[in-house]
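Asker: What follows is the residue order along each chain.
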Amino acid sequence: MPTVEVSHIVKSYADKIVVDDLSFSVPQNEIFGLIGPNGAGKTTTIRMMMDIIKPDSGDITILGEKLTEASKNRLGYLPEERGLYRKLTVMDSIIYLASLKGMDSRSAREKADKLLNQTGMLPHGRKKIDELSKGMGQIIQFIVTIIHDPELIILDEPFLGLDPVNTELLKKLIIDLRNQGKAVVLSTHQMNQVEELCDRILMIDNGRTVLYGDPAEIKSKYRRNSVILDFEGELGQVLGVTEKHAHKGYVELVLDGNTTPKQVLERLVSTGIIINRFEVATPSLNEIFLEVAGKNYE
Amino acid sequence: MNKTLLIFRHEFLHTIKRTGFIILVLALPVLALLGIGIFHIVSGVTRPLTEVTKIGYVDKAGGFDQFTTQWNMTLVSFDTPEVATQALIKKDIGEYFIIPPDFISTGIISRYTMQRELMPSDATYAAVKNFISSNLLAEKVPTATITRVVAPLNLVTTTLTSNGTVAPEQGGFRNFIIPAIFGAMLALALVFTSTYVLQSLAEEKENRLMEILLSSVSTRQLLTGKVLGLGAAGMVQVIVWVVSIPLLLNLASSPIGGFLSTIQIPANLLVLSVVYFILGYSLFAVLSVGVAAMSSTVREAQGLASIYTLFAFAPFWSLSLLLLVPNSPIWIVFSIFPFTAPVLVMLRLGLTGIPVWQLVVSIAVLVLSIIGGLLLAVRLMRTYILMYGKRPGIGEIIRNLRVR
Chain D
1 MPTVEVSHIV KSYADKIVVD DLSFSVPQNE IFGLIGPNGA GKTTTIRMMM DIIKPDSGDI
61 TILGEKLTEA SKNRLGYLPE ERGLYRKLTV MDSIIYLASL KGMDSRSARE KADKLLNQTG
121 MLPHGRKKID ELSKGMGQII QFIVTIIHDP ELIILDEPFL GLDPVNTELL KKLIIDLRNQ
181 GKAVVLSTHQ MNQVEELCDR ILMIDNGRTV LYGDPAEIKS KYRRNSVILD FEGELGQVLG
241 VTEKHAHKGY VELVLDGNTT PKQVLERLVS TGIIINRFEV ATPSLNEIFL EVAGKNYE
Chain R
1 MNKTLLIFRH EFLHTIKRTG FIILVLALPV LALLGIGIFH IVSGVTRPLT EVTKIGYVDK
61 AGGFDQFTTQ WNMTLVSFDT PEVATQALIK KDIGEYFIIP PDFISTGIIS RYTMQRELMP
121 SDATYAAVKN FISSNLLAEK VPTATITRVV APLNLVTTTL TSNGTVAPEQ GGFRNFIIPA
181 IFGAMLALAL VFTSTYVLQS LAEEKENRLM EILLSSVSTR QLLTGKVLGL GAAGMVQVIV
241 WVVSIPLLLN LASSPIGGFL STIQIPANLL VLSVVYFILG YSLFAVLSVG VAAMSSTVRE
301 AQGLASIYTL FAFAPFWSLS LLLLVPNSPI WIVFSIFPFT APVLVMLRLG LTGIPVWQLV
361 VSIAVLVLSI IGGLLLAVRL MRTYILMYGK RPGIGEIIRN LRVR
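As they're listed, the protein sequences go chains D and R.
For what it's worth, the numbering used here labels the leading residue of the first sequence as 1, then goes sequentially.
For what it's worth, the numbering used here labels the leading residue of the second sequence as 1, then goes sequentially.
Check before you lean on any hint, since a few could be wrong.
[What the hints assert, rightly or not] Here are the computed distance ranges between Cβ atoms for each label pair:
1. D/E110 with R/L33: 28 to 36 Å
2. R/I177 with D/T68: 28 to 36 Å
3. R/V356 with D/K16: 14 to 22 Å
4. D/D199 with R/T297: 49 to 57 Å
5. D/G120 with R/K17: 28 to 36 Å
6. R/S296 with D/D15: 22 to 30 Å
7. R/V240 with D/E110: 35 to 43 Å
8. R/I371 with D/G58: 31 to 39 Å
9. R/I307 with D/K16: 25 to 33 Å
10. R/I177 with D/E69: 43 to 51 Å
11. D/D21 with R/I371: 32 to 40 Å
12. D/S133 with R/I371: 45 to 53 Å
13. D/V10 with R/V356: 22 to 30 Å
14. D/N179 with R/V240: 53 to 61 Å
Derived from the structure by calculation, the hints contain no laboratory data.
Ideal Cβ positions, reconstructed from N, Cα and C, are used throughout, including at glycine.
One chain only, chain D, in its complex shape (with noise of 0.2 Å):
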């Protein structure tokens, strides 16, 4: 049974439609990548599925059900807009969120003191929300969302504003959560978190899919049969080689339909260059993403 189930969901505001007949779904045991630009429809679609806003039409089960205020208490959501009581303290913030998951107040503070040191932000437990730079505070948020042991786990842009500390505290984390069986929801417009992280992603543009899938095999249906070549020396026609694209530091050599990477490698060494990198090139999903949308998004 799939932890979520989308089915042709349907949402717009007034004129315009923001999610246009969306469906997938997510097993238990993997890092789901919801990925897309700004403004695609990641977070109405995150929210529909977390029954804050209706869909127009479509069905979304959620544990097998349709969301009911029990089944909240299997979820865990770290929303892209996000914040805290500012005036209350970290532990107590962690409590009073937590128990509106159904834990009691002892077992939210042992697990709370658990995750606080996990994450080395036990110092500051007993500090104010305000008193806590932007990094801190998103890591009680991840903790808050976390904290109750949910089976579904839903981050909306979890790395904005994180620096790299964080950012890989926060990856290694998520990792485990996987490992640990959980279903991993992850929405970014940061693709190069989807490719380290995600098992299968949907890319969605304008509200609808446009990739669904294993990113490697996304890859690998979108190569561009093209070689990556960081070189020192002269380096004239090669035999199979249509086209030479410059960048700084190498050079991509695209191939004839005809001749493989191998062949080039063996060709390249015969005229004597010295080379520092050889790699078959693999388009960045992002790349795919532009290819496919055909819109020049940063």
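Model the placement of chain R on the given structure of chain D, informed by the hints.
Answerer: Here is chain R on its own, set in the frame of chain D:
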């Protein structure tokens, strides 16, 4: 624990622990205490009643030698103004006056004092006036008549019912004071308590907490817990104020305390004040929910809310007119208008009898307004609570409410 109860408990405890709330709760009794203290100091009532103030006089007209004790003042005769001035300088007397030989034809009394003042105190004026009047009539009419001339009447009014029996509530200032206090407290409580709802929701929206909360609880649970929790905090505030009244009265001077201690709080006033507090708070609270949902910041929400919270105090703006004609049609209309009804009904109860039909219509309109306001607030909340940035215009709000 039920999630509504959790929110109720959190909102209640969080609010009553806030420094701002504690200051506000204590402010009214403390201000009243200060007022009483200032009254004591300014009016001189703090002086023991047995202390006698001495006023000197020089009788050049002759015949003013009786009735030299007027309440707590003693009038002391001096032969010449010079002797009286010396006594004044030595502070044997507080002041003195001269009754000139032609007083009967001119009525002029010359008064001398070392105090710089706008005018003589009422007590001094009354003492001198009564002394003069009593001496003028002495031995011409009986003493009882003199007493009546000095204090001509003590008007005792009895209000009758349509059956000719004595009405249970006799009206007058004595009956107005408690409803007026209740009305003022009700207005303050309505404004403060609905402001708590406004602040709480607007803060959660401004701090981007709303979506986190709505991922755990329903809109209904959130609003119910919040409105009840903050309403309970408001009730604590009112209870502290009400309980402090008798304590403050004990501290008041005997004329005030004596007068106020004779006042009874009518049962119907207590019941209606509770009813109108609950209804008034509910109306203001649901409007606060809608306003907070539309606003991006607490400050913006407070600005919008001032439009309807001003209505709570509106009856006090025209208090003089209300005292003159409490049954004017305009007051009847405003007793039914839901924003002014709670406080105005309290004030009118102290001034006049309000027909039962007016109370029924007033309460019915309030209940209907609350239901309408609640439906509107929930729609506004669902539409705007997760929208940030510029506040929507009226046209956009109406369009969005129609679409959803």
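Asker: Any of the earlier hints contradicted here, and which numbers?
Answerer: 1, 2, 3, 4 and 13
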